[in-house]
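Construct the complete structure from the given sequences, taking the supplied hints into account.
Taken in sequence, the protein lines are chains A and B.
Here the first sequence is numbered in our numbering, starting from 84 and rising by one per residue.
Here the second sequence is numbered in our numbering, starting from 7 and rising by one per residue.
What the hints contain is simulated information worked out from the structure, not anything from laboratory work.
You can take every hint at face value.
Straight-line C-alpha distance at most 20 Å; calculated SDA-like pairs for lysine to any residue:
hint : chain 1 : residue 1 : chain 2 : residue 2
1    : B       : K235      : A       : A322
2    : A       : K445      : B       : M75
3    : A       : K312      : A       : K361
4    : A       : K177      : A       : D135
5    : B       : K235      : A       : L334
6    : A       : K402      : B       : R165
7    : A       : K500      : A       : V359
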Amino acid sequence: MEKIVLRKEILGRIDEIKGADIIVGIPSYNNARTIGHVVKAVQAGLAKYFPDRKSVLVNSDGGSTDGTMDVFHQANVEDFQSILLHHRVGSFFKIATPYYGIPGKGSAFRTIFELSDALDVKACAVVDSDLRSITPEWIELLIKPIIEGGFDYVAPLYHRHKYDGTITNSIIYPLTRALYGKCVRQPIGGDFGFSGRIAKFYLTKDVWETDVARYGIDIWMTTTAIVNKFSVCQSFLGAKIHDTKDPGADLSAMLYQVVGATFDLMEEYSDVWKGVRKTEPVPVYGFQYTVGLEPVSVNIDRMIDKFRLGVRELGEIWKEFLSKEIVDFLYTAERLPKDEFTFPDEMWTEIIYSFAITSHKKVISREHLLKSLTPLYIGRTASFVKETRDSDAIEVEGKIERLCGVFEERKTFLIKKWNNERG
Amino acid sequence: MNIFQRIIIEPFERFFERVLQFLPNFITALLIFIVGIVFGIILKGLFLKFFNAVSLDKFSERSGMIELMRKGGIRDSLSVLLSRIIEWITIVVFAVISLKALEVSTVERIFERILLYLPNVFIASLLLLFGYLLGNFLGRAALIASVNAGIKVSGLIGRFVKFAIFIFAGTMALEQLGIGRETVVIAFTIIFGGIVLALSIAFGLGGKEIARTYLEKKFLKEEEKDDIKHI
Numbered sequence: 084m085e086k087i088v089l090r091k092e093i094l095g096r097i098d099e100i101k102g103a104d105i106i107v108g109i110p111s112y113n114n115a116r117t118i119g120h121v122v123k124a125v126q127a128g129l130a131k132y133f134p135d136r137k138s139v140l141v142n143s144d145g146g147s148t149d150g151t152m153d154v155f156h157q158a159n160v161e162d163f164q165s166i167l168l169h170h171r172v173g174s175f176f177k178i179a180t181p182y183y184g185i186p187g188k189g190s191a192f193r194t195i196f197e198l199s200d201a202l203d204v205k206a207c208a209v210v211d212s213d214l215r216s217i218t219p220e221w222i223e224l225l226i227k228p229i230i231e232g233g234f235d236y237v238a239p240l241y242h243r244h245k246y247d248g249t250i251t252n253s254i255i256y257p258l259t260r261a262l263y264g265k266c267v268r269q270p271i272g273g274d275f276g277f278s279g280r281i282a283k284f285y286l287t288k289d290v291w292e293t294d295v296a297r298y299g300i301d302i303w304m305t306t307t308a309i310v311n312k313f314s315v316c317q318s319f320l321g322a323k324i325h326d327t328k329d330p331g332a333d334l335s336a337m338l339y340q341v342v343g344a345t346f347d348l349m350e351e352y353s354d355v356w357k358g359v360r361k362t363e364p365v366p367v368y369g370f371q372y373t374v375g376l377e378p379v380s381v382n383i384d385r386m387i388d389k390f391r392l393g394v395r396e397l398g399e400i401w402k403e404f405l406s407k408e409i410v411d412f413l414y415t416a417e418r419l420p421k422d423e424f425t426f427p428d429e430m431w432t433e434i435i436y437s438f439a440i441t442s443h444k445k446v447i448s449r450e451h452l453l454k455s456l457t458p459l460y461i462g463r464t465a466s467f468v469k470e471t472r473d474s475d476a477i478e479v480e481g482k483i484e485r486l487c488g489v490f491e492e493r494k495t496f497l498i499k500k501w502n503n504e505r506g
Numbered sequence: 007m008n009i010f011q012r013i014i015i016e017p018f019e020r021f022f023e024r025v026l027q028f029l030p031n032f033i034t035a036l037l038i039f040i041v042g043i044v045f046g047i048i049l050k051g052l053f054l055k056f057f058n059a060v061s062l063d064k065f066s067e068r069s070g071m072i073e074l075m076r077k078g079g080i081r082d083s084l085s086v087l088l089s090r091i092i093e094w095i096t097i098v099v100f101a102v103i104s105l106k107a108l109e110v111s112t113v114e115r116i117f118e119r120i121l122l123y124l125p126n127v128f129i130a131s132l133l134l135l136f137g138y139l140l141g142n143f144l145g146r147a148a149l150i151a152s153v154n155a156g157i158k159v160s161g162l163i164g165r166f167v168k169f170a171i172f173i174f175a176g177t178m179a180l181e182q183l184g185i186g187r188e189t190v191v192i193a194f195t196i197i198f199g200g201i202v203l204a205l206s207i208a209f210g211l212g213g214k215e216i217a218r219t220y221l222e223k224k225f226l227k228e229e230e231k232d233d234i235k236h237i
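Following this line, the structure appears as structure tokens:
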């Protein structure tokens, strides 16, 4: 695997630092408003929980024009006494560098992996630069299981609003869990801890020109860790509150990248997931508590309208690869009055599996296939919002568990169709 | 005896002489034709390897070409199809050369004209094929993008993109074949310009309320947005 060439001054900085124990990476793109808080929280976390470790804080930036890198350099915890009882004694360094490659989070992570490899670190963590709810404890929870628990990969576990992370809840979590048999609740959470060993392993993979370089990086890291038998755990981080992720990003592009990366992984690891028959829990670190979350406003009518438009215009395309039963259901749902609109788990599961099979068999253009999923996803989300309008967090979690159960039950359908002759 | 010689032997000798004169040309033509077949098969193999090396089939899968080919009843992959076309073009070219080697003036003239016209037919066929594939592909892409953007007339947009490309490819193909060169270009310009003008007038008259509402929403009041964070 070809390495990226780090800038001359960064190479000089690596020579100066020589080696480190911990690296914390913050990928960014125009996050001047929020990155200062993230830097301070990380710095306080390192000082409080790892005072005797040599730590490096890295900002891997995608060419921000709002002075994100300047804010990163300037942000510092001025008075540790007000936060901590003791001053940190270990050494702490900062590196800010623009990343190379396809613009996206994956390319930013690649630079962080390269730096952790060059500094031969024991543990790494990556946190989003738009986080508003990060606390110093996040660093302890993401790093400690690696350094003291012997784990290689720490996935986050958050309390999120019931309508937050809908791609995770309706597609990625149930699908990943059914496929690989590990209950990693937030496989695309965005904030992870991992060992230096696994960072080196990630660098050996030739994926940096694919959707992994964009939004696909999170699911790729989690799946690669599970499938390659690295020890995985989860850490409870509390609430996840962040700015809207890339407000300009359109939903279908996001869905295309995340679901596309998941389907690519299904292709690569088909021999692994076909043999997985049961799911098992993943150890959880951290004290779990309930948190207050910001309200989320949703326009269900507009979502159902988008679903209806999709069925009317894209129905003919879906007929090429969805079963008659599903197509009939979609046309029926399209005619239902809005207050009776529903999208059952069984139908949704079969739709996702059918899209995966179609992508595998290359029946239609992959981009068209994945982008045509958007109206169905919106319809499913509208139904979920309707059903859980009066539900509390526990009830919503129960509904997601039920959906996971359906994904697991129907896995035989997926395997059978996947194994059928192409065409 | 003389009569017999004049009626039977002499014409037979003349025919035999002509056959002897024609035979080397015939054998040359036959050899050229056989060489053409062998050369065609070799070229097919070489191009197949080349297309596999540049991952042409992966491109055809990603671009949706393979899907359209299957719809059209073609079961082969794009690399196999193109290699076969190259093989047959080679064989046809060698067949024409071999016929020329026969040195029959009428056949020679006809095939010379065919040979000169053949590249035009080939290019026109390619233009039509790619126009068809591209029209379907971009038409569908436009349809899906419009649906995802929530545009109510998505179907119309998809069909417009598809048929605009079909018409454009057809015009180019006819121009390549030299059929009514100026007429086709003028007709295309009139039709295309007419469609754009018709759409502008239709939007201006029929859609002025929609346009006003849209502009008001855009500039006077922010459209109500969902707070859902999908990832």
